[in-house]
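Student: The hints should help you fit chain V onto chain P, whose structure is shown.
If you read the sequences in order, they're chains P and V. Just so we're aligned, residue 1 is where the first sequence starts under my numbering, counting upward by one. Just so we're aligned, residue 1 is where the second sequence starts under my numbering, counting upward by one.
Everything labelled a hint here was simulated from the structure, so no lab data went into it.
No copy labels: a pair is met if it fits in one copy or bridges any two.
Taking lysine to aspartate or glutamate pairs in the DMTMM-like style, the calculated list, with each CA pair at most 25 Å apart, reads:
#	residue 1	residue 2
1	Lys-127	Glu-101
2	Lys-184	Glu-11
3	Lys-127	Glu-94
4	Lys-184	Asp-219
5	Lys-127	Asp-142
6	Lys-368	Asp-300
7	Lys-184	Asp-258
In case you want the letters, here they are:
Protein chains: 2
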Amino acid sequence: MRIEVVTIGDELLLGFTIDTNAAHLARALAAEGVEIERRTTCGDTAESIASAVGDALNRTGAVITTGGLGPTSDDLTKPSIAALFGRDMVLDEEHLEWMEERWRTRFQRPMPASNRQQAMLPAGARKLTNHHGSAPGILLEDDRGRWVAMLPGVPREMRGMLADTLLPLVRARLGSDRRVVRSKTLRTTGLGESFIADLVATIDGGIGDAGLAYLPNADGTDLRMTVRDATPDDADVRLSTAAGRLRGVIGDAVYGEDSTDLAAVVLDLCRAQGITVGVAESCTGGLLGARLTAIPGSSDVVRGGVIAYDNSVKIASLGVPEALLIEHGAVSEPVVRAMAAGGRRAARADAALAITGIAGPDGGTEAKPVGTVWIGLDMAGRVDARRYAMVGDRGEIRHRAAQAALEMLRRRLIAPA
Amino acid sequence: MRIEVVTIGDELLLGFTIDTNAAHLARALAAEGVEIERRTTCGDTAESIASAVGDALNRTGAVITTGGLGPTSDDLTKPSIAALFGRDMVLDEEHLEWMEERWRTRFQRPMPASNRQQAMLPAGARKLTNHHGSAPGILLEDDRGRWVAMLPGVPREMRGMLADTLLPLVRARLGSDRRVVRSKTLRTTGLGESFIADLVATIDGGIGDAGLAYLPNADGTDLRMTVRDATPDDADVRLSTAAGRLRGVIGDAVYGEDSTDLAAVVLDLCRAQGITVGVAESCTGGLLGARLTAIPGSSDVVRGGVIAYDNSVKIASLGVPEALLIEHGAVSEPVVRAMAAGGRRAARADAALAITGIAGPDGGTEAKPVGTVWIGLDMAGRVDARRYAMVGDRGEIRHRAAQAALEMLRRRLIAPA
Numbered sequence: 001m002r003i004e005v006v007t008i009g010d011e012l013l014l015g016f017t018i019d020t021n022a023a024h025l026a027r028a029l030a031a032e033g034v035e036i037e038r039r040t041t042c043g044d045t046a047e048s049i050a051s052a053v054g055d056a057l058n059r060t061g062a063v064i065t066t067g068g069l070g071p072t073s074d075d076l077t078k079p080s081i082a083a084l085f086g087r088d089m090v091l092d093e094e095h096l097e098w099m100e101e102r103w104r105t106r107f108q109r110p111m112p113a114s115n116r117q118q119a120m121l122p123a124g125a126r127k128l129t130n131h132h133g134s135a136p137g138i139l140l141e142d143d144r145g146r147w148v149a150m151l152p153g154v155p156r157e158m159r160g161m162l163a164d165t166l167l168p169l170v171r172a173r174l175g176s177d178r179r180v181v182r183s184k185t186l187r188t189t190g191l192g193e194s195f196i197a198d199l200v201a202t203i204d205g206g207i208g209d210a211g212l213a214y215l216p217n218a219d220g221t222d223l224r225m226t227v228r229d230a231t232p233d234d235a236d237v238r239l240s241t242a243a244g245r246l247r248g249v250i251g252d253a254v255y256g257e258d259s260t261d262l263a264a265v266v267l268d269l270c271r272a273q274g275i276t277v278g279v280a281e282s283c284t285g286g287l288l289g290a291r292l293t294a295i296p297g298s299s300d301v302v303r304g305g306v307i308a309y310d311n312s313v314k315i316a317s318l319g320v321p322e323a324l325l326i327e328h329g330a331v332s333e334p335v336v337r338a339m340a341a342g343g344r345r346a347a348r349a350d351a352a353l354a355i356t357g358i359a360g361p362d363g364g365t366e367a368k369p370v371g372t373v374w375i376g377l378d379m380a381g382r383v384d385a386r387r388y389a390m391v392g393d394r395g396e397i398r399h400r401a402a403q404a405a406l407e408m409l410r411r412r413l414i415a416p417a
Numbered sequence: 001m002r003i004e005v006v007t008i009g010d011e012l013l014l015g016f017t018i019d020t021n022a023a024h025l026a027r028a029l030a031a032e033g034v035e036i037e038r039r040t041t042c043g044d045t046a047e048s049i050a051s052a053v054g055d056a057l058n059r060t061g062a063v064i065t066t067g068g069l070g071p072t073s074d075d076l077t078k079p080s081i082a083a084l085f086g087r088d089m090v091l092d093e094e095h096l097e098w099m100e101e102r103w104r105t106r107f108q109r110p111m112p113a114s115n116r117q118q119a120m121l122p123a124g125a126r127k128l129t130n131h132h133g134s135a136p137g138i139l140l141e142d143d144r145g146r147w148v149a150m151l152p153g154v155p156r157e158m159r160g161m162l163a164d165t166l167l168p169l170v171r172a173r174l175g176s177d178r179r180v181v182r183s184k185t186l187r188t189t190g191l192g193e194s195f196i197a198d199l200v201a202t203i204d205g206g207i208g209d210a211g212l213a214y215l216p217n218a219d220g221t222d223l224r225m226t227v228r229d230a231t232p233d234d235a236d237v238r239l240s241t242a243a244g245r246l247r248g249v250i251g252d253a254v255y256g257e258d259s260t261d262l263a264a265v266v267l268d269l270c271r272a273q274g275i276t277v278g279v280a281e282s283c284t285g286g287l288l289g290a291r292l293t294a295i296p297g298s299s300d301v302v303r304g305g306v307i308a309y310d311n312s313v314k315i316a317s318l319g320v321p322e323a324l325l326i327e328h329g330a331v332s333e334p335v336v337r338a339m340a341a342g343g344r345r346a347a348r349a350d351a352a353l354a355i356t357g358i359a360g361p362d363g364g365t366e367a368k369p370v371g372t373v374w375i376g377l378d379m380a381g382r383v384d385a386r387r388y389a390m391v392g393d394r395g396e397i398r399h400r401a402a403q404a405a406l407e408m409l410r411r412r413l414i415a416p417a
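Only chain P is shown next, with the shape it has when bound in the complex (with noise of 0.2 Å):
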């Protein structure tokens, strides 16, 4: 099955919106079998709606829209798409009934006029329920068996009625012999993309027929294999063969699967392993704190910390010598040993992660260029620190060190006794 794809709405062709509905229409059709072939965004005047819909028809003869069903003047997807298949706008009954009833229960009031153009269908459409609002979705075919779905632009609603209505007709229409795209990613950090490549390189066979993309981001290199045209069983199977393959040769540096979050994991460490945590910031300001506090249940490990963004902080809040400061300066090994162990005696925890660097864009010296961030890492008096160049500007940079931090925590939980 080829399908295209048409997002209506000028706040979407203005870019005032980023067309987010796009993307998750494309990742749930391709985990069910299919490609997208063509994703076309015009605007709300019945010409653009009818010109790039009636394209994407021509060429595929299937095609998902969304937006443009709302009950304002602008809303134009339904009457212009029933033009394209010859088909007049009736009145359908039993929607404006239960619209009329939803307004009197929901809102206590009379429905507005400006809603009954809503009740307004093509005629020989079938109607997708929307169980979050008030438009229903349409599917509309004719007898040479093209069709159109029509969407809502409100993401919660396009996203509900994908799940709820149309994925379910999809699927039936595939059948059981589809061929989906399925992939599976696995985090690391802290290597670099060509040394990773290096490694993948030594597999013996490969890694199967998925395919491998590195995805070098702020986070790290995320390593995602895809498989297409594969039944969705042997698609997962395949996606399990190509990680296994890959956490051979890079073991460990692995620190999760898709979305997970390396601070979550950092979290589930300590947990296991009964250590509380504290932070010492200085150029991160709170960031690393924030990541580990974002995820819900952290309390049971983390106590808290110091923000010492100035230095009057790191001498009285986490007992750093103001002579290391003078001799060696704010950000070097021996005042982040001092913060790390500063922090733990501060939040009384197990361990403490310290980090001082500079974040830009002003700050930089030639010895220390901006980007330079030391980081260590006090765990029951035992203190390690390195040294980092990190890269990008003021916002990656400190990212990034929030990142590195929480890697070095991992890496001393799970390294052996």
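Tutor: Just chain V now, kept in the frame of chain P:
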């Protein structure tokens, strides 16, 4: 000028990557007077690129593409579009030398052979300088005036190249009588959408011919004014008029315009008044500190503070009396007041913000449901405290809490003495 945009990449089509380039391009072009007619996303194959770009060229004769200029074998944008124009690919010696030199000086090693293809350009193409990466952009034009501009897919590179090279070219072609779409946003926080709408309804004569959209989000409610079909100067005048009228009724609840961050506004006010700031964070776990220190140059205002996630840290590092925690609970007015005072002492600052609340998903009670947040401000010993009921999930509640704390400080700083 009618333009179409084609964004290229399997990553986009499969929904693994959200297409932010498309929205950025649209806003930037609309502000210069170019309305995008249609936007298409296609996969990485030569066939789909040629088909999508060819269709777009046939409709408008002017196309901007993003993606597919990198060194990997799936980057087929250049040869596919060269073929549409009947051009061969030729080696650009000058660019090859520049790349080789860049690898030598920047990465201290010879350029990998795979990068050589980045120096292959369609014959007769004009290079668009890339200050943020190694792949040049390409402008290809035929003798009938039809053109395709190819920009990189990496957002930072695409944005830089658009601003540096393509927009000036577009501006020159449009001349002075172009009609633009421009918008301006006023940012508010802490006021309900309907409350603002009631104020706006009192404006005599409305806000002129600018359209007005209410955009509620986790930062607050943004008010976006949009002017269409105006000359650049006229658009700016109309937007200023509309903004002035809105400010007339909303007053100093507007904290900034467009993408202004409330943290930056607060830092500027502190700097102007010579005030230093500290934080004492429980449920936000460092998020407020991270927001403040994300702003370059924050170090002359922000001292630091305490992440007091666990009650033991509230007692030891902030000096919150244990009796208060036992009697009132950690999420209470007496505790947030003690936290604010303790945060000011710990950070040695003129003012300190304290946050304690229930971010969920667990931990709520009937008296203090999830979303209950107390925020306190100690400024030179005078302490304010206020209770909030935040809506949303854990992430939204924490974000709204940090935003409300910043707004509390802003209000104090702009209040008449």
